[in-house]
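Chain by chain, the residues run as shown.
Number of protein chains: 2
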Amino acid sequence: MRVFNEIRLDRGKKTPIYKQLYYEIKQLITFNKLECDYKLPSIRELSDLLKVNNSTIVSAYKLLEKEGYVYKRAGSGTFVKKIDNDIVDIEFINSDILYDFTNATTDSSLFPIDEFKELMNRVIDRDKGTTFDYQQSIGYLPLRKAIKKQLEEKNIFTSLDSIQIISGTQQGIDILTKTILDYGDIVITESPTYSGALYSFKSRSSRIIEIPVDRDGIDTTILEQKIKNLKPKVIYTMPNYQNPTGFSYSIETMKKVLELAEKYNTYIIEDDYISDIEFNNKKVNVLKSLDTNNRVIYLKSFSKTFMPGIRLGFAILPIKIQRKFLLGKQFSDISTSGFIQRIFELYLKEKMWDNHINKITNIYNKKYNLTKEYIKKYKPLRLRYYRPEGGLNFWFSLPDGYSSKKLEKYLRKRKMLIYSGSIFYANNNDTEYFRINISSIELENIGKSILILFEFIEEFMKDNSNKTLNHPINYFGL
Amino acid sequence: MRVFNEIRLDRGKKTPIYKQLYYEIKQLITFNKLECDYKLPSIRELSDLLKVNNSTIVSAYKLLEKEGYVYKRAGSGTFVKKIDNDIVDIEFINSDILYDFTNATTDSSLFPIDEFKELMNRVIDRDKGTTFDYQQSIGYLPLRKAIKKQLEEKNIFTSLDSIQIISGTQQGIDILTKTILDYGDIVITESPTYSGALYSFKSRSSRIIEIPVDRDGIDTTILEQKIKNLKPKVIYTMPNYQNPTGFSYSIETMKKVLELAEKYNTYIIEDDYISDIEFNNKKVNVLKSLDTNNRVIYLKSFSKTFMPGIRLGFAILPIKIQRKFLLGKQFSDISTSGFIQRIFELYLKEKMWDNHINKITNIYNKKYNLTKEYIKKYKPLRLRYYRPEGGLNFWFSLPDGYSSKKLEKYLRKRKMLIYSGSIFYANNNDTEYFRINISSIELENIGKSILILFEFIEEFMKDNSNKTLNHPINYFGL
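So the sequence lines, in the order shown, correspond to chains A and B.
Using my numbering, read the first sequence as starting at 1 and increasing by one per residue.
Using my numbering, read the second sequence as starting at 1 and increasing by one per residue.
The hints are simulated quantities; they were obtained by calculation from the structure and are not laboratory data.
Keep in mind that a hint or two might mislead.
No copy labels: a pair is met if it fits in one copy or bridges any two.
With a straight-line cut-off of 25 Å between C-alpha atoms, the simulated DSS-like cross-links for lysine-lysine are [stated by the list, open to error]:
(1) Lys-233 to Lys-255
(2) Lys-405 to Lys-324
(3) Lys-33 to Lys-228
(4) Lys-349 to Lys-145
(5) Lys-324 to Lys-202
(6) Lys-233 to Lys-202
(7) Lys-26 to Lys-320
(8) Lys-405 to Lys-462
(9) Lys-283 to Lys-154
(10) Lys-26 to Lys-324
(11) Lys-231 to Lys-26
(12) Lys-263 to Lys-26
(13) Lys-128 to Lys-117
(14) Lys-324 to Lys-82
Please model the complete structure; the sequences and the hints are all you need to start from.
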C-alpha cells in the first residue's frame, strides 16, 4: 500500500483524474514497483486514500485491465499481471540452438562480403573524411538517384524529394507513428501481422483494428466497413508474401484497397520486405506501382534480401508528410550511416545488386519449393497448414485448444526455435497458430529439420492436452 | 469550412470531446489542409456544425493556441499559425557557405580514416558474413566490455547489463521519451538547452519546465521548488560544457541535483557529448561518477570527439528501465550497426582511442583559447558574451530588442551560418541570444572569421532597429 501514498492526482490538469491514476499505477507496474500478482488495493481503500470517487478508481482499473497491466479474479480483487515481453523478444540465442525457424534472413554465408569489402575501400579512398561526416537526414543524393532509377524498372515513378533513406523498415514504421499518429488514433492492420509494427502503434497509444487476411489479401468488405465507421489515420499492409501468412493480395484486392484509401481519405503503408524475389516466376505487383493518388507510403527493407546488419532501407513518401517525416528522422537518429549509403550506391550502380538478387532468388525458390514438398510429404495431418504464395514464412495451426506458446517453449527446450502466433496479434493472446521460417536453414537440411519439427509437435500434442488454451482467438477468414 | 464537415467526434471515447476536436484541427493544420493565416470558423459556427457546446470549441481553440497551432487577433477571430520548422532545420547547406559557425564537429580532415579503414578490413576478414548479420539489440558484447573498462578509468563502475549501445545520443533521448514519458508527463530541462531534446520531449506531448543555468550549472533553488511541486518524470541535463552556453556544473550543484533526484524519486539524464576533452587541464567531473543511487541515465556520444557519421554512442541505464529501453531500441531500429561496433571495439582495445583523444584535446584547447582571445581582442562591446568553461560553443546576446532570428537570416545571405538562440528554448520564441561554434573552423582562420562575424553584426545592428523583437524572453540568471 505504501507506494500508493506517492500517487499525486492533479485536478487542475485537463487529463481526467481516472486517466492520471491509470498512468500512475501503470508506471508503478512498469518500473517494477508492484510485483507480478501483487493485489491492488480495493476500490474502497484506494478511493479513501486518494480522496476520489469510487467510480474513478473503477475506471482506472478497467483501463489498466484493458491495456493488459492487471487482471481480475472474481470475488478476490485486481492483481498485477506479468508483463509479457515475449512478444518482442527478438534477441538472438546463439548458444545451443540446433534448428532456428525464427530467423527470416538468409544464412550469412550468402552475404556478398567480398564485393562489399572492395566497394568499402573504394568509398573511403574516394571520399576520405567526408565518408564519416554528418549525412543529410533525407539521405545521400547519389543513392537516392540510384534508387529512383531502380524503382522505374518496377513501374514506380516518383520524385527524388519523395525518396527518404531510413535505417531499416522498423525505423520507417516507428517514424511514421510519430509523424501521423496522435494518442488514441485508429490504425488498421492485417490480422495476423508483423509484431514490430503492432508494438510501434501501441507505443503511440493507437487503437489497432485488425482485419483478417486470406488467400487474396485483406478482407475488403470488412475493411470498407471499418474505414467508413472509424476513419483510421492509416492502414498498415504487406501486400506481397504477407508476414506471417505468406499470402499475397490479388490485383483486385490491391485496386480495391487503393480505391478505399482515396474515397475515405486515408494513407496505406506498404511494407515491402521481399518483393524483389519472384517465386516460381510469378510476377510480383507492388501496390505502390498502382498508386495514382499518392495514398501509399512505401517502405522498403534490404534486410531480408541483402544483409540485415547494414540497417538500410528507404521510404517513398506522399508530399504532405515528407517534411514531418524528415523531422522525425532527424530526431530519431539524425541520419542513416552515410558510409553504408555510399557503399550501397556503388553496389546498385555496378549492377552487383542485380546479380545478387538473381542468386538469392534461385536459392529462395529452391528452399520455398522444397519446404512445401516436405511439408506435404510428411503429411502434418493434425495441423492446419496455409500454403503461402511465396516468401519463406509458413503458417500453421495446431488442432483446436492447443497452446502455441506452450509449443514454443516445448521446442526451445529441444533446441528448436519457432514463433508462437500470439506475437502477430495485437492482444498477444495465446493461439493455436505458429510460424516457421526456413530462410536460415541450409537447403540440404530442410527435409530433416521439418521431419524433426513435426515429430516434436506430435510428441508435444501427446504430452499436452488440448484444453490449455485459455483465450483462443477467432480464426482469420480462411 | 468544407474540411470541418469531415470532423468526427466520438462521445463514446474516453478522450474528452474538446481534446478530440483539438486533435482533428491540429491534423488539418499539420497536413496542410488549412493554410497559414486561414481563419477558423467562429465558436458559434463550429458549435452549430458539430452539435457541441460553445465551451467545447473554446477549450479546443485555447489548447490549439497554447500548443502554437493558431493565434488570436482581438475582435477578428482565430487564425492558423505558420508552423515554424526552423527550430529543427539541421540539414547542412554545403553549397556556398564560407563561414559555418553551426557545425559542432571537428573538420573531417581530422577524422582517423586510415586507422579506421585498416580495422574495418581486419573485422571483415575475421568475422566474415557475421559482420553484417543481425546484431543483438543491447549491443556487441566485446564492445560493451571495452566500454565498461574505459568507464572504470573515469570512476564509473557499472554492470555490463547496464551498458546499452545506441545509434547516437539523439536516439538515446528519443528512446528514453518512449520508455519513461507518457502523454502530459513533466520533464525538466536546463534553459537554454539542446533543441533535439526539446523536440523529442514535445513529440511525446510532454510538459517542459525550463530552469535557468548559470556559471555553476542549473539553478538548484528553482529546481527543488519545481521538482517538489510538479513531480517531473525526468530531468535532462548537460553538466559539462552545456550546450549552448558552455557552462559546467560545480561539484556542489552536481551533488545537490543528485540529492534532489533521490529525495523526490526522479531520474536525471546526463547528456555527455564532450567530457573526454579537458580544457586547460581542468579536471572534468562526470555526474554519473557521483551517482550512488542509480538516478542518472548516462548518454554518451562519439559524434563530437570522434566521427559523427559512425552513428554510435551508448547509454548507462538504471536497472528498472533497462528492459523497457531495450524494447524501445528494438522497435526503433532493431540494433546499431554491428559492423561499426566491431570496428570501434578494436579501436578502443588497441588504444587508438586514447591517441585520438590526445590529439583532439590539443586542437580543441587551441581553438577554445584562440577564440576567447579573439573575442576579447575585437571587443564586442555592444554584445553580451558569456565566457564558457570549455567546449566549442560560445553564447552571445545582442543588445536588448534585437532579433537573433533576423541576424541568422542576415548572416546566411552573407554566406555565414550561426544559430539563433530561439531553437534552444521550448517556446521557440525569438530572442537576443545566439550561438556560435568554432569546431569546424580551421585554427588559422579563427581570428579572421570572428572579425568578419563581428563586422557583419555591427552592420546588422545599423541596418535593423532594436524594436523588432516581438516576444523577448527573460534572461537566464547571470
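Verification of the supplied hints:
Taking identical chains as interchangeable, the C-alpha atoms of Lys-233 and Lys-255 lie at most 25 Å apart only when both belong to the same chain, with a minimum of 19 Å there against 47 Å between chains. Within a single copy, Lys-405 and Lys-324 get their C-alpha atoms only as close as 39 Å, which misses the 25 Å cut-off; across copies the closest is 22 Å, which meets it. For the identical chains of this complex, Lys-33 and Lys-228 are inter-copy neighbours only, at 20 Å across copies versus 42 Å inside a copy, given an alpha-carbon limit of 25 Å. Within a single copy, Lys-349 and Lys-145 get their C-alpha atoms as close as 10 Å, which meets the 25 Å cut-off; across copies the closest is 39 Å, which misses it.
In this assembly of identical chains, the alpha carbons of Lys-324 and Lys-202 lie at most 25 Å apart whether taken from the same copy (20 Å) or from different copies (14 Å). In this assembly of identical chains, the alpha carbons of Lys-233 and Lys-202 lie at most 25 Å apart whether taken from the same copy (14 Å) or from different copies (21 Å). When the C-alpha separation of Lys-26 and Lys-320 is checked against a cutoff of 25 Å, the pair qualifies only between copies, where the shortest distance is 14 Å, while the shortest distance within a copy is 35 Å. Taking the closest pair of Cα atoms, Lys-405 and Lys-462 come within 25 Å of each other only inside a single copy of the chain (16 Å); across copies the shortest separation is 74 Å, beyond that limit.
For a Cα distance limit of 25 Å, the shortest separation of Lys-283 from Lys-154 inside one copy, 11 Å, qualifies, whereas the shortest one across copies, 59 Å, does not. With identical chains, the CA atoms of Lys-26 and Lys-324 are at most 25 Å apart between copies only, with a shortest distance of 13 Å across copies and 30 Å within one. With identical chains, the CA atoms of Lys-231 and Lys-26 are at most 25 Å apart between copies only, with a shortest distance of 16 Å across copies and 28 Å within one. Proximity of Lys-263 to Lys-26 under the C-alpha cut-off of 25 Å is restricted to the inter-copy arrangement: shortest distance 22 Å between copies versus 39 Å within a copy.
Taking CA atoms no more than 25 Å apart as the test, Lys-128 paired with Lys-117 passes in both settings, with 16 Å inside one copy and 10 Å between copies. When the C-alpha separation of Lys-324 and Lys-82 is checked against a cutoff of 25 Å, the pair qualifies only between copies, where the shortest distance is 14 Å, while the shortest distance within a copy is 37 Å.
In summary, the structure agrees with every hint in the numbered list given earlier.
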